[in-house]
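The chain contents come next:
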Amino acid sequence: MPEYTLRLRRYNPESGEAPHYEDFKVELEGHRSVLEAILQVRGEQDGSIGVRCSCRAAICGSCGVRTNGKPGLACHTHLDAAAKNSKHGENVIVVEPMGNMPVIKDLIVDMEEVHWKKIRRVTPWLVAKEPVPEREYIVPHEAMVDVTQTMACIQCGACVSDCLTMEMDPLFVGPAALAKAYRFVGDPRDAEQGQRLKDLAEDPHGIYDCTHCFQCIEACPKGVAPMSQIMRLRRRAGSDFHVDDRNNGHRHEMAFVKNIRKNGLLHEADLLPDSYGGKFHPRAVPELLSSLPVVLRALKTGKVTVKKALLHEHKASPEIERIFDTVENREVRLEYNLYISGNEDDLADDPADAVAPAATATLAPPVVEEQAVEAPPEPPVAEAPAAEAAPAETPAAPAPDAEEAPAADPAAEIEVEAPAEGEPTEGDTQ
Amino acid sequence: MKVAYWPGCVSRGFTPELHGAMEAVAPLLDLELIGIDRASCCGAGVIAEHNQELADTLNARTFALAAETPGELMMNICSTCQGAQSECQERLDASAEYRAEINTTLEAEGLAYEKGLVTNKNFLWLLVEEIGLENLKKKVKRPLTGLKVGPFYGCYIVRPTDRLGIDDENPRDQYMQMVIEALGGEVIDYAGIYKCCGFPIITMNKKASLQMAGTHLADATDADADCLVVPCPLCHLNLDLQQPMAAAEIGRDLSMPVLHLPQLVGLALGLDNKALGLSRHVIKPTSVIDWSTAVIGSTGEAGW
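Chains as they are written, first to last, in full-length UniProt numbering: chain A, 1 to 430; chain B, 1 to 304.
The hints are simulated quantities; they were obtained by calculation from the structure and are not laboratory data.
Computed from a predicted model, the values in this text were never measured in an experiment.
Here are the simulated lysine to any residue pairs, SDA-like style, with alpha carbons at most 25 Å apart:
1. B:Lys284 x A:Val306
2. B:Lys284 x B:Gly20
3. A:Lys84 x B:Val187
4. A:Lys300 x B:Glu23
5. B:Lys207 x A:Glu167
6. B:Lys207 x A:Glu113
7. A:Lys300 x B:Asp253
Pulled from the structure, derived: some chain B residues nowhere near chain A, Cβ distances all over 12 Å:
8. Thr119
9. Lys141
10. Pro143
Just so you know, even glycine gets a beta-carbon here, dropped at the ideal spot from N, CA and C.
With the hints as extra help, turn the sequences into a complete structure.
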């Protein structure tokens, strides 16, 4: 049986000692999880190791840690896979608490300020649309499929741990909470979609504060792709609800799109002023003045010439303009969501998946098929318990999620042998 | 080797030295660059944020134009183009039905995107996977001996790993380190290698954006780097053009030269500073020039 060196970051604020690393030797099969190794060490060598865990089957989201620098679930990370990426020596696995959150003890972080408060900040429950039907809401099937990806979130905090905007701006609402926001913005039963979007677009630390770094997509053990959900929130806010936010978010997007439509290639000299509403807009003047030194430096070094800045060397071909016209004039925006529809090659490989969701799920206008979704038994707090009490999440959670998500979940494909989201009891038997 | 060459927008806009350096370096690497002139901006993630189908259609068109050239594959010199185009290509390749929908729009121009026809590689990937490090080493005329170089990748070329094909076989997130070593330089490890330069939020949250740039530059300074090297011109904008403002934001003097990847390669292959456009940087690459003139002095060539 292979031997691993588990290098744990130890820190106990009450001891007055500085954080330090401690090595433990464990003998375990490579397919066992990092969590099992930690628990073995705690059981046999040092009972004072602080670690939070519960289900051991990637369902409860309690054991978020950084393993060899990568955020994720300790119970969802195999020892051999973790050791393979080690930069610290053969079979050395460094386990540290998650980032962006204060450490309570050893591997346990305080998720209250950076995670839970922000989840509550996005009103994580359904605000029932009036009139509340006597029996159930009738909603398009596609609309519910559309939010399954965000429903896969187990609140482990891995995305929050490595969010690069949060690192600089701790007030950023953050990937987990914004993904949760899309869960309700995308739900046709919700009465406050516009208000939610306006709120998150106007917040200086809201949807337009995301720097598009893909860290959360890479971190998420459940394939939620929080950044993609943030981009969908932006699309809904700008294009569907016409929120003209104070952070220049939507204006920047529109300035960019207009710029490419006109020039084919990006003409940077126009982008900055247009992002603030145009050269002569009162909002733009102070920004442009503050950018003057940058512009002067660019001119001085010959990066930019006056001619290049003022003249539009490139002009979009009529073909580019035609593409813009065709696509932008569609009644329904086409979106191909890989999480839901998957890659046809992968589906073809596995006959069991062949009947999986039609690739057209998001291609057709969402009115064709209708399905009944149970009305909240006690409106208006229908979703709140499930959303809040993640560790206690019941297997009765949304059917589409349980059935369809694993089929196309790219994360699941890599490491897990179908974590049995529908049957948590399997994990509990260990 | 012939490649369909996609320089992107910024390399011909605010960082013209990048495009220039690539054109200067290409012949030394036996690369024939065939421009895809009619192609449009990749959308830099912003167009996809606005309308996914629009970004997919524009990039499907770029791929279709690349396929019409005699290039063996398509090469870009911008991390952001690589990431944005890979994202669109992933969707285009996922479904024949979706592809057909996109091609209906392209049809009028006589173009179509065909799955499996175009491989799109950043110059960095091409250096390692097509040209090869051993081959590159043989071409080095002036090894970067003693030059301490900090790699800065940019988000779009390292995440998400599965989409970008980063695995044990192709450790593309290690290529910059491998290239720096192949050129004879010393790799500097510092906290910011895989972090975000902050450019995408410069108009929305200038403070956080400049803090990002400033922090990474300061970390590299503390790690004793002589310069950074980037495969992405957008990172270059925030790290070089905005460096004085980033310095002001974090309250610290910074003077960290930032080189484009083709510039670093060009230096080692013996090109002079002028041909590589090193004078066009806001932060004068003094440390790099001092290094290169010291080396040039010994061979009697002209400096900058």
